[in-house]
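Note that the protein sequences, when read in sequence, are chains A, B, C and D. Residues in the first sequence are numbered consecutively from 10, following our numbering. Residues in the second sequence are numbered consecutively from 10, following our numbering. Residues in the third sequence are numbered consecutively from 10, following our numbering. Residues in the fourth sequence are numbered consecutively from 10, following our numbering.
No incorrect hints appear here.
A pair holds if it fits inside one copy or across any two, identical chains being indistinguishable in the list.
Straight-line distance between alpha carbons at most 35 Å, and here's what the computed DSBU-like set of lysine-lysine pairs gives: (1) Lys86 to Lys54; (2) Lys337 to Lys86; (3) Lys54 to Lys148; (4) Lys148 to Lys79; (5) Lys86 to Lys148.
Think of the hints as simulated: they come from the structure by calculation, not from any bench. Just so it is clear, the structure is predicted and the values come from calculations on it, not from any experiment.
Read off the chains here:
Protein chains: 4
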Amino acid sequence: MIVVMQSDATENDIEHVVELVRSFGLRDHVIVGTDRTVVAAIGDKRDVDTSAIETAPGVDRVVPILAPYKVASREVKPEPSEIPLGPHAVVGGTRLAIIAGPCSVESRSQLLEIAHAVREAGAVGLRGGAFKPRTDPYKFRGLGEQGLELLAEAREQTGLAVVTEVMSIAQVELVSRYADVLQIGTRNMHNFNLLSACGQSERSVLLKRGWSATLSEFLLAAEYIINGGNHNVILCERGIRTHETYVRNTLPLAIVPAVKRESHLPIVIDPSQGTGHAYMVPAMCRAAIAAGADGLLIEVHHEPERALTDGAQSITPEVLVRTIQEIKQIAAAVGRTV
Amino acid sequence: MIVVMQSDATENDIEHVVELVRSFGLRDHVIVGTDRTVVAAIGDKRDVDTSAIETAPGVDRVVPILAPYKVASREVKPEPSEIPLGPHAVVGGTRLAIIAGPCSVESRSQLLEIAHAVREAGAVGLRGGAFKPRTDPYKFRGLGEQGLELLAEAREQTGLAVVTEVMSIAQVELVSRYADVLQIGTRNMHNFNLLSACGQSERSVLLKRGWSATLSEFLLAAEYIINGGNHNVILCERGIRTHETYVRNTLPLAIVPAVKRESHLPIVIDPSQGTGHAYMVPAMCRAAIAAGADGLLIEVHHEPERALTDGAQSITPEVLVRTIQEIKQIAAAVGRTV
Amino acid sequence: MIVVMQSDATENDIEHVVELVRSFGLRDHVIVGTDRTVVAAIGDKRDVDTSAIETAPGVDRVVPILAPYKVASREVKPEPSEIPLGPHAVVGGTRLAIIAGPCSVESRSQLLEIAHAVREAGAVGLRGGAFKPRTDPYKFRGLGEQGLELLAEAREQTGLAVVTEVMSIAQVELVSRYADVLQIGTRNMHNFNLLSACGQSERSVLLKRGWSATLSEFLLAAEYIINGGNHNVILCERGIRTHETYVRNTLPLAIVPAVKRESHLPIVIDPSQGTGHAYMVPAMCRAAIAAGADGLLIEVHHEPERALTDGAQSITPEVLVRTIQEIKQIAAAVGRTV
Amino acid sequence: MIVVMQSDATENDIEHVVELVRSFGLRDHVIVGTDRTVVAAIGDKRDVDTSAIETAPGVDRVVPILAPYKVASREVKPEPSEIPLGPHAVVGGTRLAIIAGPCSVESRSQLLEIAHAVREAGAVGLRGGAFKPRTDPYKFRGLGEQGLELLAEAREQTGLAVVTEVMSIAQVELVSRYADVLQIGTRNMHNFNLLSACGQSERSVLLKRGWSATLSEFLLAAEYIINGGNHNVILCERGIRTHETYVRNTLPLAIVPAVKRESHLPIVIDPSQGTGHAYMVPAMCRAAIAAGADGLLIEVHHEPERALTDGAQSITPEVLVRTIQEIKQIAAAVGRTV
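For reference, chain A alone in the conformation it holds in the complex (with noise of 0.2 Å):
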């Protein structure tokens, strides 16, 4: 942590931030510039409240130096980590994770219908909501345990790893009986009892960053995971909440080489959520992979008009056959296969 004085501090302001530091059991290192004087702080503290130092007189601001994560970090695990997608697949490996699937599980022709297209089309997860996470009280909430039902016979006839969302604590057993892998949404990427929860689950758990988390706040939240004794989490992007209103979210690829440089964990991007519109969806799957993302979550519904949920931003099975072709391509550009 560096301590940067004002440019009128006094002597005393400069002590009392020393023993201040010293205080929290850091070691200090005072540096005279031209115009200010700074205060090096060094040790690792991550337990204490180091900001709170600028409210002393005479200081300007506190600036970090560590990272605060440290299990996702590359620091400690310079090599990529390939995290289970299922018994048969892998995330994070050369191969592509293609994850792909209804926004909701609506009924059994439905999801089984669909299953089989993206299985088809060359996808090796199937993703689905039993649980729906509605920001409107009215909307369709989802079939619940009914639908994880569904997702498990889905997975039986196709072979398809299952991906679905667990939204409490006390659906992580429930979801877990079911699921190869557990998704926690982005609204729920701050919710650090569910965070926790998950740590204690057997699957692996697919987490979307939180749609104005920073990238230091979403390894944060893997890391609340890691901690709880799962080291499987595959980040997933959605997009973040910004001043543009042609897209529901702005995706930002460029957290893909930005993980990569930061974590040993791989990183999925999810195309439909991060635009909102169908449209954009081949696009923004096409650029995922030229980015060096791991894989992609996907929206698809075989009749996207009349989709309970989230039907703007579904393509249809024929629109994912043609983008996955153009995928291989790009794939074979960046080392990787589908």
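Since the structure of chain A is provided, determine the placement of chains B, C and D on it from the hints.
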């Protein structure tokens, strides 16, 4: 809902949209403009995901007309609601509700010292976290139930109503035993299961806006609580995430007149989270009251430099006293008292 | 500047950074921490692009320490500046500067009617655009020089100081002939050639913050004007672009205490652009003054429904009268007068 | 335009809105819904500020239906435009346009070394600033006309088309003498007088999106240039300002399919400004092409650590060579060539 067709939409495209609209149980009304045709869909079908119509051929976009919230809106209840803040005070009446206290309950002596100080300064509520949501898993996470006991003791000594955060469904019953008001933090505004659980409590709920939630999402979150059976919701603005860096959060005070126009619920402002820097807090307290807010939620610490959490944005009791003096005059200008 | 090395940086990497630092004419200071080494670079070399050091091997990031602005900062001039608003008023003194008038000068009768009304309400300045920057090329773009003549006539009749926008270097001389204060609009805050040109005018300059500029960029824009030789700069906050949709812009009033801490320049608030909706303007006028602003820039129209520009955010003279009454009481609470 | 009435609007309110609509020369169409009445206003009156109707009694809000841009839209010209990039290349055809070079022209040897290197790597255009817009007045602002002369010499030696920024109206004629393409920077996208001046040049114009402009504003800025008489506009996305801190700007690649749907103009991507960090540039180059962009604008420097401007985001010629190799394969997947 208005469906705006593309300028080159065909007769067939329009007919297809009309059929879709009717199949959702809505009446249609086609308006042929100079450049484009629009299809107005009349009726209230909140359970249908009508935005999916945008994927139909020839559709440019779908514009919703009805607000998604109902019971939180002024259309349903035009007069402002007064919500209990413990047995002795309300939020939303002529008297402003000043709620102050430490970010976290750290110890008995810390809490009692601060509680007495804010009481003398003119506060009617005591804030203080026993369960702390922490982005960083290595930081102090609160004293838990022991913190709740200390809050109850402070209430007994001071008469202040206790406002404290509830982070998970499992805590609702426990916290309800000790607190007068359950606080739902910004990270949990979209935690719909928690909202519903608080809807079944007999305690008032102070609901913080998610840091990138829209106003509509904020009121829908309140609607979850109300639909659960609990009408006692206090809205709280605590700042949003923007590109600004001289603050931790940008405090958008125009939400006060907006809430007053859209809803009957009272709204209080948190200038501590809303800025992140203690030196800005008095100015934002004054501004919030001048804008018409129903109260304030302020972080106060007798020794901010050594606070375990949020010291950088905590003001001292002395500053609180001065600030409340200033607020008294401003309150008069807007027809309120402290 | 602090150069933070990666945790696996080699001795060679550190040495290379030290050499780079020295080659820029800065002194180096190496601090070996528990996890990482940082290199502090001491000295003030504002002409060098030191951020490029981040591309050197083993470097994690570069943290600047010095603020980039000088002559606009309080370090150089601790006491607040009072800037002339025409011959009879100043901005930054005890008396608040209320500047009001139509968005655009539309006609002689329109301008004079509004000018007299705002004068009677208590304004000291008259705003009104003769040259209008319009995002949409098909909209009304102002009366040009004829508008300037009308503004001068209104000043003669009312004694109000005239504040009007200058959009290009070519207009600086022309507008200076008619106006008391040159306004630089939000879209031109980064138009450095225009800033420099206004630096050579003898008129005061009202500089609006760019709608996504940082505070630092805002003060640097003022610095361009001051460096050109014109010290009479009035800062104006007019709202920033965020994800919020219930407002046209989000008005961040915490910039008032921030500017007071960082700079000696006065700051006024534009609650009309700052919200986009007339019904919010009185609340934001009150809040701005309570926060410590030095004045207001308000759009007023006697017939907002038919205004050629910005009608949606224009208040009527009647509302202005009421608002200024409320502000008088608030001003007293913060030691100011109207 | 659709005028949405409040649920408690009276007959008089509706009648008044109908009269307003008619007084603007528009036809009205009243639709009585279950909860609210809406008034559709039919006709195209781009010169009227219809949003002001929102201030009429009983009005909830005004929803525009027509896009504000015309000549930049696909409705007017459905087939994509190919825009000249000097005498030998176009932007918008099958062949991708790679434009690369230093941020600033620093010296003859610097420019020529880089120009030859990017030519060999496969670029068809040379970028390089002679006039530099600098937020910080103390930084290097370019070599001015001498820089233009060096660019012309580099073109002579390499055959590359020269793309360079024009910052003010006064520079348009001068820069047009030397450059093949006039670049309008992100800070000037809303400088309407400059846009109009470039509309009278015979050079193509590369128009960068303002860093918080909407798509609609971006296309309207292009419309200013086209309305001035110059149809040769190349759009360029360079990233937007958001809450993200691991990048200098967030690069929203979904703008590529959005522009392709809305406009006939080609769009290139600037991954250097669009990220701010050299290590991210190759990934974003690949992603941009995969998303369907028509070209790239890349900052290249042979010695980034010592670049006078933007070194942190400049890649070396070696990295450019590798990146263009990767792009070749990706181009094939989307039916393009390099």
